[in-house]
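*Asks:* If you want the building blocks of each chain, they are given just below.
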Amino acid sequence: MSNDLRSLSDVDRLIHEPSRSVILAILAAVESADFLYLQRETGLTKGNLSVHLSKLEEAGYVNIEKTYRGKIPLTLCRMTEKGRKAFDAYRKQLKQFVENTKE
Amino acid sequence: MDDNLKEPQLRALQYWIVDGVSELLVGFIFLLAGVIYYVQASIPGSLLSKILGIASVILVCGVGFGGRWMIQHIKERTTYPRTGYVAYKSGWKNKWNVVIAIVVMALLLAYVVFTTVTDTNLTNWGPVVCGLLMGALMVQAGYRLDQPRFYLLAFFGVLVGIGLVLSGLRIEYSLPLFFGLNGLVLLVSGGLTLWKYLHQTPAPQDAPDEQ
Chain S
1 MSNDLRSLSD
11 VDRLIHEPSR
21 SVILAILAAV
31 ESADFLYLQR
41 ETGLTKGNLS
51 VHLSKLEEAG
61 YVNIEKTYRG
71 KIPLTLCRMT
81 EKGRKAFDAY
91 RKQLKQFVEN
101 TKE
Chain F
104 MDDNLKEPQL
114 RALQYWIVDG
124 VSELLVGFIF
134 LLAGVIYYVQ
144 ASIPGSLLSK
154 ILGIASVILV
164 CGVGFGGRWM
174 IQHIKERTTY
184 PRTGYVAYKS
194 GWKNKWNVVI
204 AIVVMALLLA
214 YVVFTTVTDT
224 NLTNWGPVVC
234 GLLMGALMVQ
244 AGYRLDQPRF
254 YLLAFFGVLV
264 GIGLVLSGLR
274 IEYSLPLFFG
284 LNGLVLLVSG
294 GLTLWKYLHQ
304 TPAPQDAPDE
314 Q
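Protein sequence lines, in the order shown, are assigned to chains S and F. Under the working numbering, the first residue of the first sequence carries the number 1, and numbering increases by one thereafter. Under the working numbering, the first residue of the second sequence carries the number 104, and numbering increases by one thereafter.
Honestly, the hints are just simulated from the structure, not real lab data. Be aware that one or more of the hints could be misleading.
In silico DSSO-like pairs for lysine-lysine, Cα to Cα no more than 30 Å straight-line [stated by the list, open to error]: (1) S:Lys92 - S:Lys55; (2) F:Lys299 - S:Lys85; (3) S:Lys66 - S:Lys85; (4) S:Lys71 - F:Lys109; (5) F:Lys299 - S:Lys82; (6) S:Lys85 - S:Lys71; (7) F:Lys109 - F:Lys198; (8) F:Lys153 - S:Lys71; (9) F:Lys178 - S:Lys46; (10) S:Lys82 - F:Lys109; (11) F:Lys109 - F:Lys178; (12) S:Lys85 - S:Lys46; (13) S:Lys46 - S:Lys82; (14) F:Lys178 - F:Lys299; (15) S:Lys92 - F:Lys299; (16) F:Lys299 - F:Lys192; (17) S:Lys92 - F:Lys192; (18) S:Lys66 - F:Lys192; (19) S:Lys82 - S:Lys66; (20) S:Lys55 - S:Lys82; (21) F:Lys192 - S:Lys95; (22) F:Lys198 - S:Lys95; (23) F:Lys198 - F:Lys299; (24) S:Lys46 - F:Lys299; (25) F:Lys192 - S:Lys82.
In silico contact screen, one side only, chain F against chain S (beta carbon under 8 Å); selected entries [said to hold, decoys possible]: (26) Pro147; (27) Tyr191; (28) Leu269; (29) Arg273.
Glycine included, every Cβ here is placed at the ideal spot set by N, Cα and C.
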């Protein structure tokens, strides 16, 4: 396997899934976002988004806080420091791969 | 590949201005500032004029520190139930934002306090200075958030500033007119944006949150 391909195979598989990378990209840009916003942005169903968020939470990349805004339940998602480092590393790896494979 | 991730990030940042609420608030404050300056100019040297001068300082400080809270409060009723809640990182964490804010606030406060206390007409170039300042901030926001309507607002602000100075109006009247006209334009722009947003995004019928 060439070094370029090996660098791509080393990327964090948990983040490399398209929906999860979009979720993390959004959370990296803001302080926190709620379930509804993430659902609209990713276009996922509630069930699918829940599964993806649970995986990210299990990995320690995202912190999920269930709270209320008035009487309306609110699920707030926030990127953790570990998630931020992992996402930064992932982006660097992708960038590196693109640079290396430019013609 | 990495570019695909920038789009949702940009949209997340644009979300703050997607509903026009921030423009509405800024427009309202501009209009209020215009009225305050006009009343001040109409009765110069009076006690009310001095009180309004202090009120304008409080207005500037209030917008600086409480503007974000006010916008959030309005969005709680209009935007978040429809398209979700997003909290932003504090702008104060960026050192350049802090430096720019301090310099702008200091200049404005110095100008307002000096002209109020000494009853001096500092210069008739006030509208142009305000227009350039507003234009620079709008261009910066338009560029960062990729929003062409902000360029138009910037252009209008500079145009009004230059036009008022060229008209030969005294600053006591040109400055209120500057804020009044720009306030109206911001209100119209924000109102249209809010109308379009509400029209395009009806409130979800089911429970908003089911994780």
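*Asks:* All hints are to be evaluated individually against the structure, with a verdict given for each.
*Replies:* Verification of the supplied hints:
Between Lys92 of chain S and Lys55 of chain S, the direct Cα distance comes to roughly 22 Å. Compliance with the 30 Å bound is thereby established for this hinted pair. At most 30 Å may separate the alpha-carbon atoms for a hinted pair to count; Lys299 of chain F and Lys85 of chain S exceed this at roughly 38 Å. Straight-line distance between C-alpha atoms of Lys66 of chain S and Lys85 of chain S comes to about 24 Å, which keeps the hinted pair within the 30 Å bound. For the hint linking Lys71 of chain S to Lys109 of chain F, the alpha-carbon distance of about 34 Å lies beyond 30 Å, and the restraint is violated.
A distance of roughly 39 Å separates the Cα atoms of Lys299 of chain F and Lys82 of chain S; the hinted pair therefore is violated under the 30 Å criterion. The hinted pair formed by Lys85 of chain S and Lys71 of chain S fails the criterion: a straight-line CA distance of about 35 Å is larger than 30 Å. Between Lys109 of chain F and Lys198 of chain F the CA atoms are separated by roughly 23 Å; this keeps the pair inside 30 Å, and the hint holds. This hinted pair does not check out: Lys153 of chain F and Lys71 of chain S have alpha carbons roughly 45 Å apart, beyond 30 Å.
Annotation: proposed proximity of Lys178 of chain F to Lys46 of chain S holds, straight-line Cα distance about 23 Å (limit 30 Å). A C-alpha spacing of about 20 Å is found between Lys82 of chain S and Lys109 of chain F, which places the hinted pair at or below 30 Å, so the restraint holds. Distance hint between Lys109 of chain F and Lys178 of chain F is fulfilled; the C-alpha atoms sit about 25 Å from each other, no more than 30 Å. Of the supplied pair hints, the one linking Lys85 of chain S and Lys46 of chain S holds, its CA atoms being roughly 27 Å apart against a limit of 30 Å.
Taken as a hint, the Lys46 of chain S and Lys82 of chain S pair is honoured in the structure, with Cα atoms around 25 Å apart against an allowance of 30 Å. As the CA atoms of Lys178 of chain F and Lys299 of chain F are separated by approximately 15 Å, the hinted pair is consistent with the 30 Å bound. A threshold of 30 Å between alpha carbons decides the hint, and for Lys92 of chain S with Lys299 of chain F the separation of about 38 Å lies outside it, so the pair is violated. For a cut-off of 30 Å, the pair hint linking Lys299 of chain F to Lys192 of chain F stands: about 27 Å separates their Cα positions.
Under the criterion of a C-alpha separation no larger than 30 Å, the hint pairing Lys92 of chain S with Lys192 of chain F is consistent with the structure, at around 22 Å. Restraint check for Lys66 of chain S and Lys192 of chain F: the C-alpha separation of about 20 Å stays at or below 30 Å, so the hint holds. Between Lys82 of chain S and Lys66 of chain S the alpha-carbon distance is near 20 Å, which keeps this suggested pair within the 30 Å criterion. A hinted pair counts as satisfied when its Cα atoms are at most 30 Å apart, and Lys55 of chain S with Lys82 of chain S qualifies at roughly 14 Å.
Straight-line distance between C-alpha atoms of Lys192 of chain F and Lys95 of chain S comes to about 25 Å, which keeps the hinted pair within the 30 Å bound. This hinted pair checks out: Lys198 of chain F and Lys95 of chain S have alpha carbons roughly 27 Å apart, not beyond 30 Å. Of the supplied pair hints, the one linking Lys198 of chain F and Lys299 of chain F is violated, its CA atoms being roughly 35 Å apart against a limit of 30 Å. The hinted pair formed by Lys46 of chain S and Lys299 of chain F meets the criterion: a straight-line CA distance of about 26 Å does not exceed 30 Å.
Among the hinted pairs, Lys192 of chain F with Lys82 of chain S is consistent with the structure: their alpha-carbon atoms are about 17 Å apart, no more than 30 Å. For the restraint placing Pro147 of chain F at the interface with chain S, the shortest Cβ-Cβ distance is roughly 46 Å, beyond the 8 Å limit, so the hint is violated. Checking Tyr191 of chain F against chain S: minimum C-beta separation of about 6 Å stays under 8 Å; hint holds. For Leu269 of chain F, the shortest C-beta to C-beta distance to chain S is roughly 43 Å, which exceeds 8 Å, and the interface hint is violated.
A least Cβ separation of about 46 Å between Arg273 of chain F and chain S goes past the 8 Å threshold, and the interface hint is therefore violated.
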